[in-house]
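Asker: Here are the chains, one letter per residue:
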Amino acid sequence: MHDLRFVISPQDINREDFASSVPDFNRRSDIIKTDFGYKCVVTNIVRLTEQERLFQLHIIDSVERSLFRFKPGQFLMLELPGYGDVPISISGSSSNHEFLELCIRKVGHVTSALFTITEGARVAIRGPFGSSFPMDEMAGHNILLIAGGLGIAPLRAPLSWINEHRNRFLNVDLLYGAKEPSQLLFTWQFDEWKMINHIQLHTIVERADPQWPGKKGLITDLFNDISIDTATTYAIVCGPPVMFKIVCSWLDRLGIPMNRMFVSLERRMHCGMGKCCRCMVGSTFTCIDGPVFDYWSVMNLKEAI
Amino acid sequence: MIYKVISKKEFAGFIDALVQSNRSFGPRQVATDLRGDAIYQFQPVHSVDEIAFDYSATASSAKHFFLPFQEELSHFHFHGNDWEQQISYEANPVVLIGLRACDISALNILDDVLLNGHFPSPGYLARRKNSFVIGMDHLPLADCFCKSMNHHTVTTGFNLFCSDIGDHYYLSINSSKAFSFLREFETRDPNDDDNCMLVERRKVIQNGFQTDIDVTALPTILDIEFDSPVWEKWGNKCLNCGTCAMVCPSCYCYALTESFTTNLKGASREKKLYSCNLVDFAVVAGGHNFRPKNGDRLKYRYYHQHRGFAENASQQICVGCNRCGRACLAGINPKDVINDLRMEKESCMICVSSSPRKI
Amino acid sequence: MGEKITQQGVPFERLKIASFDFTCCEGCQLQLTNRESSLPDFLGLLDVRNFREISSERHDDYDIALIEGSISRPDEVERLLKIRKQAKILVAFGTCACFGGVNNLKNNHSIQNLIDEVYPGMAIETLPVRKISDLVKVDLSIPGCPVDKGEVERVMVSLVTGSRVTLPKYPVCVECKAQLTTCLFELGEICLGPLTRAGCNAICTSGNTPCLGCRGPAEEINMAAFFELVKERGLSLDDLHEKLACYNAFEPFPSHEA
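Chains as they are written, first to last, in our numbering: chain C, 1 to 305; chain V, 1001 to 1359; chain U, 2001 to 2258.
Keep in mind the hints are simulated off the structure, nothing from the lab. Just to be clear, a hint being listed does not mean it is correct.
[Claimed, not checked] What the simulated footprint calls covered on chain V by chain C, stretch by stretch (three residues with Cβ under 8 Å from a Cβ of chain C suffice, anywhere in the stretch; the number is not a length):
id, region
1, 1200-1214
2, 1253-1262
3, 1276-1284
Since we're looking at a predicted model, the values are computed, not measured. We put the beta carbon where it would ideally sit given N, CA and C, even for glycine.
Could you build the full structure based on these sequences and the hints that come with them?
Answerer: Structure follows, in structure tokens:
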């Protein structure tokens, strides 16, 4: 008579009456995004440098594949079962619905394990998560892309978008700096970017042997090579935290409005969903409010850059 | 909401019937401290006599019934070169008896964060749905400051809430389930006297608070005082032990770990409640710690508790139960820390003192 | 072990392991055979080359050496150096190996007095007690008196799969609170839980016994604040010193009595 036994499964969960505005878990996609991963097969692994590899993934289930759509700047949680998951920014084109490209540097234990797997291995992804670059808002303007080191990886997604919609943008400059020539990534695309997409590409390295034909120095040394019409320019800056501050304050001095400069931040993340609070910067989640922020928001965040 | 009045004797019969046929938890004394005061926890109960209805406050909150300290989020089964992921969201029904208003407020805050955000948590929802929460009003303890946080009363988030009006309980019935259960027992509609008694009871509670924290404009003050020496001062006392977050009814931050099973035929992803005071909370791959000092980490806990994060529209998540203050061996408590910050802001003498070096 | 285990096509090798005891009670090694439910799976991870408690076979081609106990005799030093030469991964196994353990109490007395007391009139070669890392490089530490078998399993699984081997960085309080244990300070005891590395699942404190710190210090412990709170509560500093000294695990931390 007083039996309260009612086991509720996710399928028929909308029953009890006190918790208001209950999300609809009958839609599988909602659950997928939280805990279930999309199972992917690793279709290609390209060795970029000693420390960096480009992984190409293909979501196995066709329905899941059609559900997974991302915007340039977003990231996903890549899980190697048994080893854990890591946040990785998606560095391929958002219009490529067949394959996902992830540029991964070997830093932690999960990424180290990822470097032991071979093509054909199966991994899980959750996402996409986070904010994105406002490509539509940027259209019709000059674009200044600034990448330092691995920063080229998250920047390659908006760059692809620009290349695919090249006629919607005015001048596009890409400043790209690395420690040494061997650490420049995606060099095989340089000609394509320059010749086909009409991107003004300026590269620079900190250290190089005399055979290196290009410039030597810091990314800031490229600033003199370009002329910027600040009134019509949007900037995207990706790189190590030290770079943000220098580059953004330089852009600020040039007169680019702070809400037209975009950066992508990185923090430790466990959930990717604004729940575990590991990636907090100030009172902001890197995972759901970011990783893409305009400089104005970041400048006001404590501990951000 | 439907209001009824039930005699305490009949109420005892109701609770007894409920706990005898369900997995139930209620406040029970577990120890006596050095001063001779009873220490309570939410413990399994099997009859109404085991429940300490007149308890003071439990040392730990009721949070872990909804957010277990440790749980498996997903399991992988390996076969050949492939794997299957398995996730179970089933939760066993549980009856929770005697939660204070602030405890229920904390659940409402967790609902806000974990159910109404971008990515609702199915596991939490399953547990919330499979719980039967009976709240009871209590006279405040000397160090309770839930009134300052406006969480000394609660109007939602429970199945049944009981206010003590002498020989009777004034019941606020907030779910069909509670209503249909109570139909088996003798209740009546409240009359004018009952309503009067309820108002009186609320007054007594309202006037019983001895601790008040001025939280006006606290979020702004926290922003302004980001580099305040107050953080270093209290941080120097902090043991980095995480106790505050463990006993807190609204701290929900966690860590994920993944490991193979011993037979290597499976792997599980486990979630563990964590505390921002623990030393490696903000360590990133490669080893850099974004919050290397005690003060940095302590500050973050206060930031989250009293400034709130974007996920729940920058609401404060502290409900003012002061469990953290009571449990902290180092004597760190919200009242003193917040008052210190306020003093700091209002005293010009301290304004000229140097701030701790930023990393 | 017949079947070879692979993961994503990468085969996992079983660990060629050996276990050695020095000055100790062998209780930690005994733990290796504990937890019967997962014992077959656990042994499936290992290729035991030398372990006198479970096998009479002796081989010297091990990669991983578990060292139980502290060092208190000249012949132990020699044996340890030899093991170090062979082992790719040398594991300080248990509190005695990691910190010296209770054996360290010996160092409070002169060697001659000890011999006169325990072995009067006998020719005994004995040294002050040292932890393993005082003599050779230690690659991995698994503390505990005794070690926690669950943790040993996790470590071995990590070694087999090439995952990162980690111990909790936070103190016992986290695990203690998760079991709703009443804080022993509330009952007037000094408990080293706030200083001690978690991973034991608060086995002592949840049984109402104060933590003595067998797992050694958690990361970034606040010893000064801990002394302060012991004083503020009017608890005995002698008791505190005795507890801190029990396993010699807090030796690197100066006391804060001033």
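Asker: If a hint holds in the structure, say so; if it doesn't, say that too.
Answerer: Structure-based check of each hint:
With 0 residues carrying a beta carbon less than 8 Å from a beta carbon of chain C, the region 1200-1214 of chain V misses the three-residue requirement, and the given coverage is violated. Proximity of the region 1253-1262 of chain V to chain C, defined as three or more residues with a beta carbon under 8 Å from a beta carbon of that chain, is established by the 8 residues found. Three residues within the 8 Å Cβ limit are the bar, and the region 1276-1284 of chain V against chain C gives 5, so the coverage statement holds.
Hint 1 from the earlier list is the only one contradicted by this structure; the remaining hints agree with it.
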